[in-house]
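Q: Now for the letters of each chain:
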Amino acid sequence: MCGIVGYVGEGPVGSIVHSGLENLDYRGYDSAGIALVDRGSDDLAITKREGEVSGLDVPSVSSATCGIGHTRWSTHGPPTDTNAHPHTGMTGEVAVVHNGIVENYATLKDELIADGHEFTSDTDTEVVPHLLEQRLEAGHDLQSALESVVDELEGSYAIAAVEAGSDRIVATRHESPLVVGHGDGTAFLASDVTAFLEHTRDVTYLQDGDVVVLEDGTVTITQDRDPVDRPIETVDWDADAAEKGGYDHYMLKEIHEQPTALRQALSGRVNLDDGTADLNLEFPPGFLESLEEIQLIACGTSYYAAQYAAGLLESVADVRASAQLASEYTFNGGRDPWRTLTVAVTQSGETADTLSALRRASGAGVRTLAVTNTLGSTVTREADDSLFIRAGPEIGVAATKTFASQVTTLALLSLFIGRERGTLSAADARSALADLRGLPGAVQQVLDEADTVREAAETYVDASAYFFVGRTYGYPVALEGALKLKEIAYDHAEGFAAGELKHGPLALVTDETPVLAVLTEGTRPAETLNNVAEAQTRGSPAIGIVDGTVETNALDVSFEVPSLGTATPLVANVYLQLFAYYIADLQDRPIDKPRNLAKSVTVE
Amino acid sequence: MSEETVPAVVLAAGEGRRLDPLTNRRPKPMVPVANRPILDYVVSALAGAGIDRIVLVVGYRQERIRNYFGDGDDWNVDIEYVVQDTQLGTAHAVLQAEAVVDGPFLVLNGDRIVDPSLVSQVRDAVATDADRPVLSVTRSAHASDYGVVSIEGDRVTEITEKPTAPARSELINAGVYGFSNDIFDAIRETPTEKGELAITTTLETILADRPASAVREHDTWLDVSYLWDLLSVNAAILGDDKFETTQESALEGAVATDTAIGTDVSLGANATVGGSTALGDNVTIQPNAVVSNAVVFPDAVIESGAVVRDAIVASNARIGANTTIAGGTSTVVVDGEVHEDVDFGGAIGDNATLGGGVTVDPGTVLGDDAVVDAGAHVTGRIEPDAVVRRG
Numbered sequence: 000m001c002g003i004v005g006y007v008g009e010g011p012v013g014s015i016v017h018s019g020l021e022n023l024d025y026r027g028y029d030s031a032g033i034a035l036v037d038r039g040s041d042d043l044a045i046t047k048r049e050g051e052v053s054g055l056d057v058p059s060v061s062s063a064t065c066g067i068g069h070t071r072w073s074t075h076g077p078p079t080d081t082n083a084h085p086h087t088g089m090t091g092e093v094a095v096v097h098n099g100i101v102e103n104y105a106t107l108k109d110e111l112i113a114d115g116h117e118f119t120s121d122t123d124t125e126v127v128p129h130l131l132e133q134r135l136e137a138g139h140d141l142q143s144a145l146e147s148v149v150d151e152l153e154g155s156y157a158i159a160a161v162e163a164g165s166d167r168i169v170a171t172r173h174e175s176p177l178v179v180g181h182g183d184g185t186a187f188l189a190s191d192v193t194a195f196l197e198h199t200r201d202v203t204y205l206q207d208g209d210v211v212v213l214e215d216g217t218v219t220i221t222q223d224r225d226p227v228d229r230p231i232e233t234v235d236w237d238a239d240a241a242e243k244g245g246y247d248h249y250m251l252k253e254i255h256e257q258p259t260a261l262r263q264a265l266s267g268r269v270n271l272d273d274g275t276a277d278l279n280l281e282f283p284p285g286f287l288e289s290l291e292e293i294q295l296i297a298c299g300t301s302y303y304a305a306q307y308a309a310g311l312l313e314s315v316a317d318v319r320a321s322a323q324l325a326s327e328y329t330f331n332g333g334r335d336p337w338r339t340l341t342v343a344v345t346q347s348g349e350t351a352d353t354l355s356a357l358r359r360a361s362g363a364g365v366r367t368l369a370v371t372n373t374l375g376s377t378v379t380r381e382a383d384d385s386l387f388i389r390a391g392p393e394i395g396v397a398a399t400k401t402f403a404s405q406v407t408t409l410a411l412l413s414l415f416i417g418r419e420r421g422t423l424s425a426a427d428a429r430s431a432l433a434d435l436r437g438l439p440g441a442v443q444q445v446l447d448e449a450d451t452v453r454e455a456a457e458t459y460v461d462a463s464a465y466f467f468v469g470r471t472y473g474y475p476v477a478l479e480g481a482l483k484l485k486e487i488a489y490d491h492a493e494g495f496a497a498g499e500l501k502h503g504p505l506a507l508v509t510d511e512t513p514v515l516a517v518l519t520e521g522t523r524p525a526e527t528l529n530n531v532a533e534a535q536t537r538g539s540p541a542i543g544i545v546d547g548t549v550e551t552n553a554l555d556v557s558f559e560v561p562s563l564g565t566a567t568p569l570v571a572n573v574y575l576q577l578f579a580y581y582i583a584d585l586q587d588r589p590i591d592k593p594r595n596l597a598k599s600v601t602v603e
Numbered sequence: 000m001s002e003e004t005v006p007a008v009v010l011a012a013g014e015g016r017r018l019d020p021l022t023n024r025r026p027k028p029m030v031p032v033a034n035r036p037i038l039d040y041v042v043s044a045l046a047g048a049g050i051d052r053i054v055l056v057v058g059y060r061q062e063r064i065r066n067y068f069g070d071g072d073d074w075n076v077d078i079e080y081v082v083q084d085t086q087l088g089t090a091h092a093v094l095q096a097e098a099v100v101d102g103p104f105l106v107l108n109g110d111r112i113v114d115p116s117l118v119s120q121v122r123d124a125v126a127t128d129a130d131r132p133v134l135s136v137t138r139s140a141h142a143s144d145y146g147v148v149s150i151e152g153d154r155v156t157e158i159t160e161k162p163t164a165p166a167r168s169e170l171i172n173a174g175v176y177g178f179s180n181d182i183f184d185a186i187r188e189t190p191t192e193k194g195e196l197a198i199t200t201t202l203e204t205i206l207a208d209r210p211a212s213a214v215r216e217h218d219t220w221l222d223v224s225y226l227w228d229l230l231s232v233n234a235a236i237l238g239d240d241k242f243e244t245t246q247e248s249a250l251e252g253a254v255a256t257d258t259a260i261g262t263d264v265s266l267g268a269n270a271t272v273g274g275s276t277a278l279g280d281n282v283t284i285q286p287n288a289v290v291s292n293a294v295v296f297p298d299a300v301i302e303s304g305a306v307v308r309d310a311i312v313a314s315n316a317r318i319g320a321n322t323t324i325a326g327g328t329s330t331v332v333v334d335g336e337v338h339e340d341v342d343f344g345g346a347i348g349d350n351a352t353l354g355g356g357v358t359v360d361p362g363t364v365l366g367d368d369a370v371v372d373a374g375a376h377v378t379g380r381i382e383p384d385a386v387v388r389r390g
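Protein sequence lines, in the order shown, are assigned to chains A and B.
Just so you know, numbering that gives the first Met the number 0 puts 355 at position 356 of the first sequence, and the rest follows in order with no gaps.
Just so you know, numbering that gives the first Met the number 0 puts 181 at position 182 of the second sequence, and the rest follows in order with no gaps.
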């Protein structure tokens with residue numbers, strides 16, 4: 000999972016490709032490269048190197064007409080200059096960038112070596128330019144060469160290729176994202192719209208097997224060598240939203256964007272008159288009423304959002320609900336696929352583990368629903384229905400606002416299903432909806448306290464580990480709080496169900512391990528407080544997020560949130576986000592690009 | 000020098016204590032008027048005048064400003080930020096921009112609504128004659144509250160900040176300046192007064208030997224000095240076709256035309272939204288409530304049967320059922336100054352909660368996060384976080 004970019008048209012091609020890569024470097028930042036087609040030369044101009052895009056030079060060419068670029072997150076071969084994309088073959092006539100994995104590359108490579116091809120990198124990608132050269136020598140043009148090559152490839156890929164002396168980019172995708180942008184006499188290609196949002200918002204989402212040719216500002220798409228018409232859609236994301244806008248880090252910007260993101264998630268969906276959520280979801284008659292189980296499948300932060308939602312679904316929709324790690328998911332026995340709904344929760348809509356779990360569910364005959372932030376993403380095409388969280392682009396690798404928007408959207412879904420199933424009264428739904436409408440203001444209230452969180456972080460930044468505890472809805476929030484700290488501060492952090500502390504983890508507790516506890520409505524705070532006391536007895540400092548539900552005088556630090564029913568822990572989570580941010584910032588961590596991580600993991 | 004290259008430095012680092020409690024959580028430039036922060040009017044006026052590069056000097060609660068403006072794409076301008084860590088006066092704020100401006104530039108206050116035509120006049124004046132500072136002047140009946148200027152022909156010869164003696168004229172400094180780089184040296188030579196470096200003090204010295212070009216402002220003077228000014232400026236903007244105000248939510252019910260309605264506003268049955276009212280995003284007005292001549296910030300909730308007149312309700316505040324903010328005139332004390340007969344029903348701070356059936360006297364200022372029990376009667380200034388019991 001990497002980011003690829005392409006541009007055809009007038010203007011400074013090299014710097015347009017370079018800035019596109021910078022916008023994509025959340026997808027990978029261990030090496031980067033650019034290939035430009037120079038009108039005045041028979042050779043491609045290529046620069047590539049280990050390291051982030053910001054350190055990459057644009058090839059110096061007098062009059063480039065088109066170019067491709069790549070930012071890498073290593074899967075096959077360590078991040079080195081030679082393993083960086085674009086890759087070329089023997090002649091250097093074609094250059095290729097690739098996102099995904101060519102699973103049968105070893106076989107292909109052996110065949111090519113037997114044919115006399117020499118390889119310079121350890122990557123799976125390098126087979127592609129060699130294969131393309133074979134086809135070009137046999138008389139194919141670049142498009143038919145690529146069509147012929149992909150017939151031999153197994154795995155997941157988005158590939159873009161350029162050829163010396165030809166003003167065009169040819170690209171294709173299979174199970175890896177690729178989107179085309181339409182400018183005025185120009186055309187863009189990228190793994191994600193954020194790459195070119197500052198140039199155009201008119202986009203076409205390619206489908207698996209599509210081959211696209213970008214030339215002279217025109218875009219031609221074929222599928223199985225026949226032309227196809229794909230719609231041009233307008234992205235309503237704000238270009239500004241994908242820029243840092245004066246903040247030191249995207250993560251801090253995105254934390255502060257949560258009130259706006261939450262208003263968008265709720266916008267037009269809260270129906271106080273009927274006491275339900277208007278989600279524009281159509282299920283077959285009787286389907287929701289007859290449901291026996293709802294499975295939520297997700298990874299990472301989305302998994303914790305799913306866990307939160309599973310609790311909500313069981314309580315308001317009176318249906319068995321569980322969150323399952325997508326990478327562990329199978330449709331096991333004892334279930335009726337016709338009476339199961341599987342909900343795939345993925346911010347990017349491209350998470351490979353979640354997509355493959357979704358396919359297993361579909362394969363078993365289950366009806367599926369995607370909950371995602373990304374219009375046109377793979378998950379929206381593969382699931383029967385889609386529900387958008389409307390958080391706007393999230394660039395920081397550590398998910399923040401999308402967690403809030405996921406939980407909020409899933410809470411709306413639970414109310415909708417509860418109302419449809421007749422298990423939730425209009426009055427109870429109204430009260431829950433009013434709580435959800437209170438979220439943006441409550442989150443703003445927490446953001447206003449950022450300075451006090453920073454002070455607490457200064458006090459505890461030298462701790463040897465951090466333990467997060469909570470019960471009920473406080474449990475997924477504790478897990479998410481620990482994940483944030485791990486991801487960006489590189490400190491040891493664990494989240495536990497508060498009751499589990501005494502069943503083992505208590506052995507880790509010392510006076511250098513602060514315990515952070517969620518002690519609000521919806522978390523059985525009185526019981527959790529006992530567990531916090533167990534840790535405090537062993538010398539551990541206690542930090543609590545409280546809403547006045549229980550007396551919490553013994554805490555070393557307490558952060559207040561307003562009570563919003565079962566949505567309160569979601570507000571509490573904002574303190575944990577800020578805490579993780581400041582702990583990391585005080586240690587000068589590269590917060591938006593934590594080591595070894597990338598956003599939207601598109602490999603399994 | 001082409002017009003486009005004149006950048007603008009906007010001073011938005013200050014807190015604006017006179018608008019307490021609204022400024023406890025946001026800087027004064029981010030206080031909303033007709034659902035847009037005051038600073039949005041300034042940035043829009045600059046963009047409207049063709050200025051394409053804006054430097055925002057930020058400090059107090061700067062994340063509110065960065066969040067809203069980003070890098071300026073929505074206004075088609077490039078916005079940069081410089082930070083004034085401690086608020087040591089307007090001249091000190093201007094000094095923070097020294098590294099990022101070169102050649103003539105404009106300076107504006109981020110907390111005062113300006114007209115694009117005034118901006119372009121000052122810009123043209125400083126671009127034509129960069130050696131001479133440019134001052135905008137306007138007329139005010141309360142001149143001695145501001146910087147009073149003396150004019151000879153089209154030159155400003157003298158400025159006196161908030162004179163104690165009766166003002167020599169009704170002409171005041173309208174707060175849009177044109178400067179060249181030598182202003183920075185002049186600021187450094189300015190003595191501090193009470194630890195603050197004011198740009199008007201620097202100007203007093205400069206004007207003595209180098210009169211400034213005067214640019215006259217003819218438009219209405221829209222200044223929010225005190226809480227009640229927010230109501231009159233809000234009303235003026237809602238009633239003026241020159242400003243675009245939007246109704247983002249389709250509301251069924253009695254809603255006056257001179258209103259601004261944010262997105263996802265919920266209006267209950269038989270609720271009434273009277274004239275000169277702005278309702279921010281995600282505001283809830285429950286059945287039978289009456290809101291009139293009011294500025295309601297985002298996420299606030301006004302419960303059934305409540306009456307909110309001539310009042311400000313800040314973000315996420317909750318006005319309980321049948322609570323009455325009756326409106327009308329009152330005498331209000333701000334920082335020891337007595338203001339008599341102001342039209343001001345009261346201000347409710349951010350996140351404050353009023354129970355059912357509370358009576359709010361005209362002129363009441365309730366601090367943020369305060370809690371008022373059902374049936375209580377509140378009056379005067381109530382501190383943030385206070386709990387008011389029914390007595």
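Incorrect hints may appear among the rest.
Unchecked claim - Residues from chain A that keep clear of chain B, each with C-beta distances beyond 10 angstroms, as calculated: (1) Asp-80; (2) Asp-201; (3) Glu-256; (4) Gly-267; (5) Ser-321; (6) Asp-447.
Unchecked claim - Facing chain B, a subset of chain A residues (Cβ under 8 angstroms, in silico): (7) Val-57; (8) Gly-274; (9) Gln-444.
What the hints assert, rightly or not - Distance condition first, Cα-Cα at most 20 angstroms in a straight line; then the derived SDA-like pairs of lysine to any residue: (10) A:Lys-485 <-> A:Glu-511; (11) A:Lys-243 <-> B:Arg-60; (12) B:Lys-241 <-> B:Thr-256; (13) A:Lys-243 <-> B:Lys-241; (14) A:Lys-243 <-> A:Cys-298; (15) A:Lys-243 <-> A:Asp-209; (16) B:Lys-193 <-> B:Arg-60; (17) A:Lys-243 <-> B:Val-81; (18) A:Lys-243 <-> B:Thr-256; (19) A:Lys-243 <-> B:Lys-193; (20) B:Lys-193 <-> B:Thr-219; (21) A:Lys-485 <-> A:Asp-587; (22) A:Lys-243 <-> B:Trp-74; (23) A:Lys-501 <-> A:Tyr-489; (24) A:Lys-243 <-> B:Thr-85; (25) A:Lys-243 <-> B:Thr-163; (26) A:Lys-243 <-> A:Pro-589; (27) B:Lys-193 <-> B:Thr-85; (28) A:Lys-243 <-> A:Arg-229; (29) A:Lys-243 <-> B:Asp-72; (30) B:Lys-193 <-> B:Leu-87; (31) A:Lys-108 <-> A:Ser-62; (32) A:Lys-243 <-> B:Tyr-67; (33) A:Lys-243 <-> B:Gly-15; (34) B:Lys-241 <-> B:Thr-219; (35) A:Lys-501 <-> A:Gln-535; (36) A:Lys-243 <-> B:Leu-87; (37) A:Lys-243 <-> B:Tyr-80.
Please keep in mind that the hints were generated in silico from the structure rather than gathered at the bench.
Predicted, not measured: the structure shown is a model, and the values here were computed from it.
Heads up, the beta-carbon is just placed ideally off N, CA and C, and yes, glycines get one too.
Q: A separate judgement is required for each hint: does it hold in the structure or not?
A: Evaluation of the provided hints:
Even its closest Cβ contact with chain B, about 33 angstroms, leaves Asp-80 of chain A beyond 10 angstroms, as expected for a residue assigned away from the interface. With 10 angstroms as the threshold on Cβ separation, the claim that Asp-201 of chain A sits away from chain B holds: the shortest Cβ distance comes to roughly 17 angstroms. With a least beta-carbon separation of about 7 angstroms from chain B, Glu-256 of chain A fails to lie farther than 10 angstroms from that chain, contradicting its non-interface assignment. A beta-carbon of chain B is positioned within 10 angstroms of the beta-carbon of Gly-267 of chain A; the least distance is around 7 angstroms.
The Cβ of Ser-321 of chain A sits about 32 angstroms from the closest Cβ of chain B, beyond the 10 angstroms cut-off, so the non-interface label holds. Remark: the non-interface label on Asp-447 of chain A conflicts with the geometry, its nearest Cβ contact in chain B lying 5 angstroms away (cut-off 10 angstroms). Hint status for Val-57 of chain A: violated, given a least beta-carbon distance of 22 angstroms to chain B, over 8 angstroms. The beta carbon of Gly-274 of chain A is not positioned within 8 angstroms of any beta carbon in chain B (closest approach about 13 angstroms), and the interface hint is therefore violated.
Nearest Cβ of chain B to the Cβ of Gln-444 of chain A: about 5 angstroms, under the 8 angstroms cut. The hint holds. Between Lys-485 of chain A and Glu-511 of chain A the CA atoms are separated by roughly 17 angstroms; this keeps the pair inside 20 angstroms, and the hint holds. Distance check on the hinted pair: Lys-243 of chain A and Arg-60 of chain B sit about 17 angstroms apart at the alpha-carbon level, within 20 angstroms; holds. Straight-line distance between C-alpha atoms of Lys-241 of chain B and Thr-256 of chain B comes to about 15 angstroms, which keeps the hinted pair within the 20 angstroms bound.
A hinted pair counts as satisfied when its Cα atoms are at most 20 angstroms apart, and Lys-243 of chain A with Lys-241 of chain B does not qualify at roughly 33 angstroms. Using a Cα cut-off of 20 angstroms, the hinted pair Lys-243 of chain A and Cys-298 of chain A is violated, with the two alpha carbons roughly 26 angstroms apart. As the CA atoms of Lys-243 of chain A and Asp-209 of chain A are separated by approximately 33 angstroms, the hinted pair breaks the 20 angstroms bound. At roughly 23 angstroms between alpha-carbon atoms, Lys-193 of chain B and Arg-60 of chain B are farther apart than 20 angstroms, so this suggested pair is violated.
Of the supplied pair hints, the one linking Lys-243 of chain A and Val-81 of chain B holds, its CA atoms being roughly 15 angstroms apart against a limit of 20 angstroms. For the suggested pair Lys-243 of chain A and Thr-256 of chain B, the alpha carbons sit about 38 angstroms apart, so the restraint of at most 20 angstroms is broken. Our distance criterion of 20 angstroms between C-alpha atoms is broken by Lys-243 of chain A and Lys-193 of chain B, whose separation comes to about 37 angstroms. Between Lys-193 of chain B and Thr-219 of chain B the alpha-carbon distance is near 32 angstroms, which puts this suggested pair outside the 20 angstroms criterion.
Between Lys-485 of chain A and Asp-587 of chain A, the direct Cα distance comes to roughly 14 angstroms. Compliance with the 20 angstroms bound is thereby established for this hinted pair. The hinted pair formed by Lys-243 of chain A and Trp-74 of chain B meets the criterion: a straight-line CA distance of about 16 angstroms does not exceed 20 angstroms. Taking the CA atoms of Lys-501 of chain A and Tyr-489 of chain A, the gap is near 25 angstroms; set against the 20 angstroms cutoff, the hint is violated. Between the alpha carbons of Lys-243 of chain A and Thr-85 of chain B the distance comes to roughly 24 angstroms, so the proposed pair goes past 20 angstroms and is violated.
With a C-alpha separation of about 47 angstroms, the suggested pair Lys-243 of chain A and Thr-163 of chain B falls outside the 20 angstroms cut-off, and the hint is violated. Restraint check for Lys-243 of chain A and Pro-589 of chain A: the C-alpha separation of about 15 angstroms stays at or below 20 angstroms, so the hint holds. Proximity of Lys-193 of chain B to Thr-85 of chain B is assessed by CA-CA distance (about 14 angstroms); at most 20 angstroms being required, the pair is judged to hold. Restraint check for Lys-243 of chain A and Arg-229 of chain A: not satisfied, since their Cα atoms lie roughly 32 angstroms apart, outside the 20 angstroms limit.
For the proposed pair Lys-243 of chain A and Asp-72 of chain B, the alpha carbon gap of about 12 angstroms is at most 20 angstroms, so the pair holds. For the proposed pair Lys-193 of chain B and Leu-87 of chain B, the alpha carbon gap of about 10 angstroms is at most 20 angstroms, so the pair holds. Proximity of Lys-108 of chain A to Ser-62 of chain A is assessed by CA-CA distance (about 35 angstroms); at most 20 angstroms being required, the pair is judged violated. In summary, the hint linking Lys-243 of chain A to Tyr-67 of chain B is supported, as the alpha carbons are separated by about 12 angstroms, within the 20 angstroms threshold.
With a CA separation close to 27 angstroms, the supplied pair Lys-243 of chain A and Gly-15 of chain B exceeds the 20 angstroms bound. Restraint check: the Cα-Cα separation between Lys-241 of chain B and Thr-219 of chain B comes to about 12 angstroms, which is no more than 20 angstroms; the hinted pair holds. Restraint check: the Cα-Cα separation between Lys-501 of chain A and Gln-535 of chain A comes to about 12 angstroms, which is no more than 20 angstroms; the hinted pair holds. For the hint linking Lys-243 of chain A to Leu-87 of chain B, the alpha-carbon distance of about 28 angstroms lies beyond 20 angstroms, and the restraint is violated.
Restraint check for Lys-243 of chain A and Tyr-80 of chain B: the C-alpha separation of about 12 angstroms stays at or below 20 angstroms, so the hint holds.
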